[in-house]
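Asker: Work out the full structure: start from the sequences and follow the hints.
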Amino acid sequence: MADTFTPNIGAIIADLNDVFNFGAHVEANFTLFDSLMGAVDCLSTARPTVTYKGQIVYEHDSLRYAQNTGTKASPVWTYMSHAAITGTSSSRPTSGLSAGELLFETDTQYLLSYTGSSWRHQSFCNYSVTSSSHPSSVFTGLEIYESDTGLSAVYNGSNFMYQVAQAAPTQTLGTTTASVTFSGLPTGVNAFKVRWSARCSDANAAEQFKVQLNGAVGSSYIWEVNQANNTTVAATTSAGASTFIQMGTVTAASATADYWASGEFTVDNGGASQFPNVQGTAAAFATTTNMWCGVYSGLYAVAGSVTSITMFGATGSFIAGSQFSIYALQ
Amino acid sequence: MRSEEDRPVHLDHNVTTGATTVTPITDAEWDAMEQREAEAIAATAAAEQELAELKAAAAAHTDPLVQALAKKAGLL
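Chains as they are written, first to last, in the numbering used here: chain A, 1 to 330; chain B, 1001 to 1076.
None of these hints come from the bench; they were simulated from the model. Keep in mind that a hint or two might mislead.
Derived Cβ-Cβ restraints for the label pairs, each shown as a range [said to hold, decoys possible]:
| # | chain 1 | residue 1 | chain 2 | residue 2 | range |
| --- | --- | --- | --- | --- | --- |
| 1 | A | Ala239 | B | Asn1014 | 33 to 39 Å |
| 2 | B | Ala1047 | A | Val217 | 24 to 30 Å |
| 3 | B | Asn1014 | A | Phe139 | 31 to 37 Å |
| 4 | B | Asp1027 | A | Asn277 | 34 to 40 Å |
| 5 | B | Pro1064 | A | Thr289 | 26 to 32 Å |
| 6 | B | His1061 | A | Ala301 | 44 to 50 Å |
| 7 | A | Gly321 | B | Glu1034 | 19 to 25 Å |
| 8 | A | Asp148 | B | Glu1034 | 40 to 46 Å |
| 9 | B | Ala1028 | A | Thr130 | 38 to 44 Å |
| 10 | A | Asn229 | B | His1061 | 24 to 30 Å |
| 11 | A | Asn226 | B | Ala1046 | 23 to 29 Å |
| 12 | B | Glu1048 | A | Val217 | 29 to 35 Å |
| 13 | B | Ala1073 | A | Asn156 | 55 to 61 Å |
Every residue, glycine too, gets a C-beta built ideally from N, C-alpha and C.
Answerer: Rendered as structure tokens:
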């Protein structure tokens, strides 16, 4: 009959009345029992089989302490770990787990918790990832930040849904500025939206608000404008290759004081077989009876991604206080 | 008379690096800018002169049809 009662740790201590025989008592019967004391070092796959309730072991493969919360005959090893388990994204623990355990991946620097059946990412801030390396273990509400595109996205249960992101700080001009450029635009973004509010410095009522892409100053553009100037509505085109795209009309120095122009346009990124497209709206007010409003569009006839957007007036510079903002759209 | 304090600049904000570069325009760019401004002013003046002449010519006509057309065109 199996012994299920007697503790495994015990000692018979000699007293003064005992006859101590070194050979019989020590040499012939010496038994180590240090393997039964303290936190016994072992592997998670080779825990002590001779144990007792309350025994503590340390698994040097899983780096965790465990206690026998069962019985001598039927041990149940319960982890006592208070620190996250360390591992990698390709070698997460799969056994000996209980709900709520934490895992720190040394390769991704991510913290995950065990739900009882699978590992799940835990986040106290957005995950910094790239557009081509999203987290592999996601949950509804998980928010990520793509360091290559500058975009944030939230997982809705089936897809990452992108948010409109400001691609650069708003540029508020501190001095007269001939041109404003947003360069170093990330690839992999579908479109950029630019908002502007401006007035030019030259002695005219208003002038064309021009755009160039990728620093191209040659005849690489075509454009179409449908613009009203007071009661006259006119359609104008570049009528062939142009060195710019007209994306609005901007008020200039001959306009009534405090009369400005504003507008917005979207640049759709191109591809290997797609020329970038630009379209937008704008309005300019020069006097109480002289104003412009229209729809503007253009094409940059060079395939590939847009990496920079430059804006300038036809004849003058933008005055201090003019503002330019850019947003990334996915 | 140009003043260096009035020299416009080019502003370039690099989205990738976050750096903003401000570069003064060159003398050639400044010349071209002033040339374009002068041409635009001249073109505006010419257009205004032409409009004034058209209005004067329209006002001198007594033909009802011409006057009606001129009124429709905003010349009267």
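Asker: Now tell me, hint by hint, if it's right for this structure.
Answerer: To see whether the hints hold, each was checked on the structure:
One distance hint, 33 to 39 Å for the beta-carbon pair Ala239 of chain A and Asn1014 of chain B, holds here, with the actual separation near 34 Å. Range check, Ala1047 of chain B to Val217 of chain A: about 28 Å between beta-carbon atoms, so the 24 to 30 Å window is met. Between Asn1014 of chain B and Phe139 of chain A the beta carbons are some 36 Å apart, a value that agrees with the proposed interval 31 to 37 Å. At roughly 36 Å, the beta carbons of Asp1027 of chain B and Asn277 of chain A sit within the given window of 34 to 40 Å.
About 28 Å separates the C-beta atoms of Pro1064 of chain B and Thr289 of chain A, a value consistent with the hinted range of 26 to 32 Å. At roughly 48 Å, the beta-carbon separation of His1061 of chain B and Ala301 of chain A lies within the given 44 to 50 Å, and the hint holds. A beta carbon spacing of about 22 Å between Gly321 of chain A and Glu1034 of chain B agrees with the range 19 to 25 Å that was offered as a hint. Roughly 43 Å separates the CB atoms of Asp148 of chain A and Glu1034 of chain B, a value that falls within the hinted 40 to 46 Å.
Range check, Ala1028 of chain B to Thr130 of chain A: Cβ separation about 43 Å, and the 38 to 44 Å hint holds. Taken as a hint, the range 24 to 30 Å holds for the pair Asn229 of chain A and His1061 of chain B, whose Cβ atoms sit roughly 26 Å apart. Our hint of 23 to 29 Å for Asn226 of chain A and Ala1046 of chain B holds, since their Cβ atoms are close to 25 Å apart. For Glu1048 of chain B and Val217 of chain A, the Cβ-Cβ distance of about 32 Å falls inside the hinted range of 29 to 35 Å, so the restraint holds.
Evaluation of the 55 to 61 Å hint for Ala1073 of chain B and Asn156 of chain A yields a pass: the beta carbon distance comes to about 58 Å.
Taken one by one, the earlier hints all hold for this structure without exception.
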